[in-house]
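K.L.:
If you're matching positions, the sequence shown starts at -5 in my numbering and goes up one per residue.
The set of hints was computed from the structure by calculation and includes no laboratory data. For every residue, glycine included, the Cβ atom is placed at its ideal position computed from N, Cα and C. Each hint can be trusted.
Listed below are the simulated DSS-like cross-link pairs for lysine-lysine, each with C-alpha atoms no more than 25 Å apart in a straight line: (1) Lys194 with Lys226; (2) Lys113 with Lys136; (3) Lys132 with Lys114; (4) Lys271 with Lys204; (5) Lys330 with Lys226; (6) Lys271 with Lys314; (7) Lys103 with Lys122; (8) Lys132 with Lys113; (9) Lys57 with Lys103; (10) Lys89 with Lys57.
Label pairs and their computed distance ranges (CB to CB): (11) Lys182 with Ser44: 42 to 50 Å; (12) Ser277 with Pro176: 26 to 34 Å; (13) Ala184 with Asp63: 37 to 45 Å; (14) Val6 with Arg273: 39 to 47 Å; (15) Lys114 with Asp243: 42 to 50 Å; (16) Lys226 with Pro39: 20 to 28 Å; (17) Ile133 with Phe296: 58 to 66 Å.
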Amino acid sequence: MAEFNCRSAFCVINNPRYDITYKHNEEGDIIKDENGKAVILKQEPTEYHSLTEQQICDDVLNKWVGDDDKRTGAVLFCVSALGLEHLHCVFESEKTFRPLSALKKLFPKVHIEITKGNKKQVEDYINKVGKFEEKGEKIIAKSQVGDIKGCQGKRNDLISMSDIRDLIYSGQTPNDIYRQYPQAIKSKTATEELFYLYRKDNTPPERDVKVHWLFGGTGCGKSYTYIELCEKHGDVNIYRVTDYDHPFDGYQGEPILILDEFRGRISYSYLLTLLDKYRSQVSARYSNKMTLWTEVYITSPFLPTELYQKAAERNDGIDKLEQLTRRIDDIVYCFKYTAENNSGTFYCKYNVDFDLHCDSHAIREQCSHVRHEVSQMGLFTLMDGLTSKFVENKSQGPLPFRHSASRGISDTIKKNQRKSQLKSRKSKTSQTK
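Based on the sequences and whatever the hints tell you, model everything.
P.N.:
Below, the structure written as structure tokens:
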């Protein structure tokens, strides 16, 4: 990644000894315990796990300075009032450098800000005095090489459109730019158009599009897919449609599309276009957009065949139902199961057999048997294709999905699948005659 040239950068590196994954609630916020500490879901040791605080400071600074006698810097090892270990750093060079490309390679977890203070302000920051003193924070170790100069009054907050273009082409998003350079908000429309064009230029006319159809009743966890995708890919890469009158007015070339609570409010032929592998234009306010996504999630209380069977029939064979089912990679049934003694709820997802995509009755029957088996036997008998997450009644949020495959689909379900398929074939044969 690239950045403006500068000679001084403030940096913070949190949890240098561990790579930490925090527990989130359904809204995507980090859960905290009664003492205000973030609840940790998983933590893995880093290369600094066995080093002392002073050794960590020395190593971080040595990575920056290296053999370059024009580089200087200072690193503080601090512990916050809540016990969070973190590093405060100032990295400088006599020669201008691009902070993101120079520092992100060395320290992937680093948070960077361009230095805007003078020499005294930077010294106050690195020594945690004056307005930079934080209540309850302790300085454990410090390492410094050379003299810290700061930006010496030079403005770094001004930004041109060519600078914005360079930032976008280096991998930054409009929100990244606005946070670091508030002046860029004045050019918001142009910035977002540049961002869209960048994504368009990097998407081929023909691309693979993966389509996932999630169906189930209200409150079964379908829409929580959005939170999970945001946590995995970042919300800047997700475009969620809930307004089907003007669905793509805000589209900026996001690679993942979610059609949430979909009830067939767009035409059958238009849906086929949205799911097609060829890049196409879609209507949007002010300027039409191109379909640049490579993955689509559709959440709905209905199966695709239930929504569009009649529409396909009205088209007199021009757009057959198979054109839709052929585009869908998997159909997932979502349902919830309340644990014994009402201790909590399991939110379950079950991958429907691909061969049944065109048979709504068989799919519904299969899912009914899955629900029945789970409710009768409990989740100790989880079957292939079934995943779940558990939410305790007193918990503030769900755990991630855990994958289970303790055994295959039961003989009862298999038999009923065969019966449904035979009924479907007989029905089609009689209609042909």
